[in-house]
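Colleague: Going by the numbering used here, 83 is the number at position 44 of the sequence shown; the sequence numbering is gapless.
The set of hints was computed from the structure by calculation and includes no laboratory data. It is possible that some hints are incorrect.
To be verified - Using 30 Å as the maximum straight-line C-alpha spacing, the simulated DSBU-like pairs for lysine-lysine come out as follows:
(1) 262 x 299
(2) 148 x 83
(3) 312 x 182
(4) 76 x 159
(5) 166 x 261
(6) 262 x 166
(7) 83 x 182
(8) 182 x 76
(9) 313 x 148
(10) 76 x 175
(11) 299 x 166
(12) 325 x 312
(13) 261 x 175
(14) 175 x 159
(15) 159 x 325
(16) 166 x 325
(17) 312 x 148
(18) 83 x 175
(19) 182 x 159
(20) 83 x 262
(21) 182 x 166
(22) 148 x 159
(23) 299 x 261
(24) 162 x 299
(25) 159 x 83
(26) 262 x 325
(27) 299 x 76
(28) 148 x 325
(29) 166 x 76
(30) 148 x 261
(31) 76 x 312
(32) 182 x 261
(33) 166 x 83
(34) 299 x 148
(35) 182 x 325
Here the structure is a predicted model, which is why all the values come from computation and not from measurement.
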Amino acid sequence: MTKTCFSFFLVFLFLSESVSFTQEKENLYPSGHGMAKVYTNFHKEFTYHDYESGFEVTRAYLGYEFFMDEHFSAEVKLDIGSPEDESPYSKLKRYAFFKNAALEYRNDKLSWNFGIISLKQFKIQEKYWNHRYIYKSFQDEYKFGASADIGTSIEYRFTPWLTADATLMNGEGYYQLQIDNTFKSGFGASFYPSDFLIARIYYDIMVNEAVQQSIASFIGIKKNDLTIGLEYNYKTNISFIQDHHIWGYSVYGLYNISDKWEIFGRFDRLSSKKYEYEEFGWNFDKDGSALITGVQYQPIRYVKFSLNYHDWYPFPQNIENHSLIYLNLEFILE
Numbered sequence: 040m041t042k043t044c045f046s047f048f049l050v051f052l053f054l055s056e057s058v059s060f061t062q063e064k065e066n067l068y069p070s071g072h073g074m075a076k077v078y079t080n081f082h083k084e085f086t087y088h089d090y091e092s093g094f095e096v097t098r099a100y101l102g103y104e105f106f107m108d109e110h111f112s113a114e115v116k117l118d119i120g121s122p123e124d125e126s127p128y129s130k131l132k133r134y135a136f137f138k139n140a141a142l143e144y145r146n147d148k149l150s151w152n153f154g155i156i157s158l159k160q161f162k163i164q165e166k167y168w169n170h171r172y173i174y175k176s177f178q179d180e181y182k183f184g185a186s187a188d189i190g191t192s193i194e195y196r197f198t199p200w201l202t203a204d205a206t207l208m209n210g211e212g213y214y215q216l217q218i219d220n221t222f223k224s225g226f227g228a229s230f231y232p233s234d235f236l237i238a239r240i241y242y243d244i245m246v247n248e249a250v251q252q253s254i255a256s257f258i259g260i261k262k263n264d265l266t267i268g269l270e271y272n273y274k275t276n277i278s279f280i281q282d283h284h285i286w287g288y289s290v291y292g293l294y295n296i297s298d299k300w301e302i303f304g305r306f307d308r309l310s311s312k313k314y315e316y317e318e319f320g321w322n323f324d325k326d327g328s329a330l331i332t333g334v335q336y337q338p339i340r341y342v343k344f345s346l347n348y349h350d351w352y353p354f355p356q357n358i359e360n361h362s363l364i365y366l367n368l369e370f371i372l373e
C-alpha cells in the first residue's frame, strides 16, 4: 500500500507541474491541478477508564482533477485512512482506497457523473457543518450512507430556486466495490427560497433480503457571519435485517467572530427501534447523544486549527460516557 501511495504521489506531482507549465504557455484547455488534504489531531479523554490520549492522522486525501474542455472533466482521488470496521485495532491500520475516479459533464443547468462518484445524500449538510476534519456529518458518522460509491448521478437546475438529482449506485460505498445484482437508487430535491435559506429532501431505496430505505431532510441558514443547520434522518432495516431501524437529528451552529476566528457547536441524538418489552432499542450500545463545541482559528486559507470538546452520552446507564478534548489541524495543498 505504501509503495502504491508513493507512486501515486509522484505521478500527482508530475502532472501538476506539467499541466501548470502548459497553462502558463497557452492558458487554455486542457488544464488541471493536484490536491492534498490532511486531517490530524491530538486528543485526551477524561472519563473512560483507559484515559485514551494520543496523536492521530485520521485522513489524508491525494487527488488530481483534469479539465478537458469547458464541459468535461475527470477526477481521481485517494483516501488514506482507517478501515470502516469496528475492531479494537482498526484505528491502528491505514489503507488506501479510490474515493473518486469519475468523469463529469457539466453545462449551465445539467451535471452528470459516472464512475466512483461523490454522493449527494449529505453533501450539502457536510458543507454547512464545514468541520469534517473535526467530526463527520451526522449521516456519515452514524452510517446512514456513504460519501462516495461506484455508479452514476445526474443533477438538473429547473429554476434558480429548485434543483433535483437522481443517483444509481452499487450501494456498498467506496470501500467495497464488488459487482452484484443489488443496486441503490437515490432521489433528492433542493429548494432555495431566498439567498440565505436552503431546504433539502432526499430518499433512497435498496432491495435485498429486506427493503432498506433512507429519508433525509435538512434546513440550512447562512446569514452574514452566522450559519445554522438542522437535519433529521431515518433509515430502515439496517444490514437488511427486518425492523432494525435507526433515526436521529443533528443541529449545529457556526459564528465568525472575525476573519480568522470562529466559534461552533453541535448536538446529535441517535435512536433505534425498540423490541417489544425491551427498555432500549436494538442498537442500544450506539444509541445516545453527542455534544461538540469549540473554537477555530484559520490564519490562512490552507490551514485550520481547532480546540474543541466532545461529549458522548449513551442511553443505557451501564455504558460509560466519553468526554474528550481535541486539538485538530487541517491543511490543504493545491
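Colleague: Against the structure, test the hints numbered earlier, and report the numbers of the ones violated in rising order.
Modeller: Result: hints 2, 9, 17, 20, 25, 26, 28, 31 and 34 break, sorted rising.
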